[in-house]
Amino acid sequence: MKWLRKKKSHIPLTEWNTSIQGGSLLKKVMNQPEQIVKEMLEGMILAHPDRLRGIKESGVLLRTDAPVEGKVGLVSGGGSGHEPAHGGFVGKGMLDAAVAGEVFTSPTPDRILEAIKAVDSGKGVLCIVKNYTGDVLNFEMAVELAAAEGIEVDSVVVNDDVAVEDSTHTTGRRGIAGTLFVHKVAGAKAESGATLPEVKETARKAIGRIRSMGVALTPCTPPEAGKPSFTLEEDEIEIGIGIHGEPGVKRTKLLPASRLVRTLFDRIREDLPFKAGDRVAVMVNGMGSTPLMELNVVHKELMACLREKEMKMVEAWVGEYMTSLDMAGFSLTLFQLDEELEALLAQPADSVTIRRGGN
Amino acid sequence: MKWLRKKKSHIPLTEWNTSIQGGSLLKKVMNQPEQIVKEMLEGMILAHPDRLRGIKESGVLLRTDAPVEGKVGLVSGGGSGHEPAHGGFVGKGMLDAAVAGEVFTSPTPDRILEAIKAVDSGKGVLCIVKNYTGDVLNFEMAVELAAAEGIEVDSVVVNDDVAVEDSTHTTGRRGIAGTLFVHKVAGAKAESGATLPEVKETARKAIGRIRSMGVALTPCTPPEAGKPSFTLEEDEIEIGIGIHGEPGVKRTKLLPASRLVRTLFDRIREDLPFKAGDRVAVMVNGMGSTPLMELNVVHKELMACLREKEMKMVEAWVGEYMTSLDMAGFSLTLFQLDEELEALLAQPADSVTIRRGGN
Amino acid sequence: MNAKDVAGWFQRYADVIEEKKAWLTELDSAVGDGDHGANMARGWKEVRNQLKTFEGGLPEVFLLVSRTLISKVGGASGPLYGTAFLRMSMFLKGKEEIGHDDWPALLKAASEGIGQRGKVNGGEKTMYDVWAVVSETAEKRAGEPVRTSHLLEWAREKAEAIRDLRALKGRAAYLGDRSVGHRDPGAESTVLLFETLHQTVSSRGGNGRER
Amino acid sequence: MNAKDVAGWFQRYADVIEEKKAWLTELDSAVGDGDHGANMARGWKEVRNQLKTFEGGLPEVFLLVSRTLISKVGGASGPLYGTAFLRMSMFLKGKEEIGHDDWPALLKAASEGIGQRGKVNGGEKTMYDVWAVVSETAEKRAGEPVRTSHLLEWAREKAEAIRDLRALKGRAAYLGDRSVGHRDPGAESTVLLFETLHQTVSSRGGNGRER
Ligand SMILES: Nc1ncnc2c1ncn2[C@@H]1O[C@H](COP(=O)(O)OP(=O)(O)O)[C@@H](O)[C@H]1O
Ligand SMILES: Nc1ncnc2c1ncn2[C@@H]1O[C@H](COP(=O)(O)OP(=O)(O)O)[C@@H](O)[C@H]1O
Ligand SMILES: [Mg+2]
Ligand SMILES: [Mg+2]
Ligand SMILES: [Mg+2]
Ligand SMILES: [Mg+2]
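Residue numbers (my numbering), protein chains in the order written: chain A, 1 to 359; chain B, 1 to 359; chain C, 1 to 211; chain D, 1 to 211.
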């Protein structure tokens, strides 16, 4: 193995993998943990120069052709660590900009403001925000600042996670993977030339019809923290987990896929409730390190649940859309469609992650 | 948590997670491990009924419109556990059929024969085989059987892995992620109405210009074996790993992304060799549980290497294409293009994993 | 306290945050997402940098902190602290010193800002509870001189008291009953703010006005 | 041996494979992908099923095994064993018994089949080495009666001898020098085939022809 030996001796790990607490090594493909978000964004732009450009030092990814004349601009974002969300959904028919914060930390208002300004063509901008206090507060401040600068701007908050109790006295439900369906339908609506209030109304209608819930088999490890966000026993899983490794609603023993899917499905279905005859889009979303093989097994079980309840699946997203770093697990999302939403979902899109031709 | 408690008590794990050796539990989303491939294929078809149909009990996924009149049929496949390969690459402009064997085990000749027959429109069929003894032997037998039935059929063997010494006295180089670039260009060539010898020639030309190499940070665990395919220390990685968890060429300490990428890049570049002025397609392929965030960091480093050597990247695939179950790590692939190959790569495709519009 | 005193306070606080970063993160790991220490440290490190070359009046030093926190911290605590310092800056417009009598109204401005921004009324087990009790108690005592030692004492007591609450806002709320018994990271970083205020005032020695 | 004897041999082999499945897999884990036991067990389980209702002549029982292995085993070993049994079936066309004198040619047919299919000449540290030595030694001794105990002895010795080789074909070849010292899984499953042949012949008691 001459080719390896002839290099000079290895850089000591402590020179780069340093922010590790408790002395344990982080087995990640990275350089300095503090640089990982910046480097990731650079990598994304380098990989997709035809689709994405960035605003320097801001964590903002834009459609190359933003602002698009005569179209409401769509901005989303949040902490990093959920890739491909949200940069993977920037493109024709979806978002105009995604703002990335540090890992699991909302981006700051000034960065969001930059994104809003960059995508505003004069037709106004809608921000699609996941319901986490940090995201909500930072987007809220950005919207205030943008409005102060005379931009027509509004926001919607997605709260699809049925694992969390909803109440006006609390933080309320979290926004998780269902957010990406909102990007799709709001994106298609905006592309049609609709006004800001119209796009907002479509987004709100969609939010009212999207429900999700997830499960974790293993925790994730944020690169800077250097240790798992929580711990699970060898045979334990956490049902109702959030996408930042926030604790879920229930720990239980590992279950077979069929039981696991049914547990999440029942809770999701009863919540809206979904009913016989409903036409739905479904998402089986991998949390980061669950192989596609397993996600397809989950999808098979989910389809059995739908058949039993006489619901009709008209579109399926099976893959990784809103991850939690290297967490193992998945989330299920059901989206109850009406005629408008079904048509919008089928419209063309050309983002890194979601691409579909005209039909 | 009434919704969980009201279910009857949990199925004991031993009733389903049974094939586990040494008593340790497999933390996977699955039912019976023996059923996982079948269930996965069912899930894929259910998720993409517009793109895929299956041949019962055969592990074969087909384009819904196969056989396509006037087009050479393309068949690939191999053991399962590499999802989205190969089913994710079935569709217009890519494969006509993918044959899935058991996890990490080549499919049998009778199944491959079924696929060949199903996609033959009379214009002949090309099999794209990864260079592993099992795959080669089983496809070879299938090709003999198909020829005996009067089908015009041929095969090419992909051997892009520079980690393995190449010699006619040995098994030779393995076929790894670079295989998917072959699917793409051969698929586009076939779609153009080319003859079987022409499609084969294009595939062979591509194979001669594709080089790959991978690295594992963690082993993978096959669902039936129930234990990791190999072991790595906490701070150890394996460079030159195969996609089945076969041992690589060298164990070393964990390296920063920049060093890791440069190590693989140098070996790949020197092998062909690639040179200044080359126009190349690149693939940064995740092995199963390495987050997209890290793959993008890898891509950024790879672009720095290309710039330094004055090579021009014209297309980038960054994501999971040829995985190894839940292994952490990645592979790099470089593809030296000529005018024809670059044009074929840019042609439209409509598979589950690779979609691109006409341009 | 004049602008220079306040700048000293903020410098001292930046040091303490750096020092207690791991502890704050640990508190946040138990009930949130384990970044409160990192978030605060990122912001206050920048504040310290900015203060090195800062030359401005009293409202400006608060404004500088507000802007820096808003643009560097992210998460929930960035906008919340940012709003608090913004409101204090607005209240101090035209003033060159914070006098005894200013404290109740100054704290009220900060506390109301946090309450509005966070949509909290008290009792949700957040940093607001600490700000609110300090502001309200100071107001109730109107007339009596407000000592920083009192502010610190009230803050500490409240932060301790809310440990037994169930969190209703912020990430800790997802834990439901499991949040009971844990300290709230934002409340604790607020206590540290009053602790460094008191230290700053005490170490000035001086006229004893604030003691 | 007639068709019934051979069926008995294969049934016995299927049992042994089931029993040694974990061991074969372990050998394959060390140098390959850890599935040789599972692969073989999958195929031979089906052979046993098929044999239950089988009623045919001597070549047919070999053909049944060939077809079953080819369509059930997958991997490298499926086509290799499948080819071996196919060639043996072809050689036995028209025969009702395997006589003493048939063994050298029968084994040669099998061994050549494997060599052609696997593109090996010997010395690559695969199952072929065992088949080849058995076939060649039997041929060299032409004239002398071939005893199954001899076949087993030659097979065992060869499987042992190739441990010290560096694998050149199959997955083990990727290991390079690291394959030295490890047993080859396919060679070991071949030894078991001759072991059960010998057991079958011995347990027939009978005329001692084969002892
Ligand atoms: N709605 C709210 N109102 C007031 N304070 C809040 C609210 N939500 C969260 N907090 C405070 O913010 C702190 C968490 O800050 P931090 O960890 O930096 O942000 P994040 O929760 O976004 O990760 C909590 O400990 C709490 O004191
Ligand atoms: N080219 C070859 N020629 C002959 N035998 C081979 C060849 N390649 C592999 N083998 C045999 O096959 C065995 C491995 O079989 P198995 O594990 O079932 O298949 P795979 O290697 O596809 O996983 C090896 O131990 C070796 O004896
Ligand atoms: Mg946070
Ligand atoms: Mg195998
Ligand atoms: Mg936090
Ligand atoms: Mg094997």
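One or more of the hints may lead you astray.
To be verified - 30 Å max Cα-Cα, derived DSSO-like pairs, lysine-lysine:
(1) C:Lys119 with C:Lys140
(2) C:Lys119 with A:Lys27
(3) A:Lys92 with B:Lys27
(4) B:Lys27 with D:Lys93
(5) A:Lys38 with C:Lys45
(6) C:Lys108 with C:Lys21
(7) C:Lys20 with A:Lys27
(8) C:Lys93 with C:Lys108
Keep in mind that the hints were calculated from the coordinates and are not lab data.
As the structure is a prediction and not an experimental result, all values here were calculated from the model.
ask   = Which hint numbers does the structure go against, in order from smallest to largest?
value = 2, 3, 4
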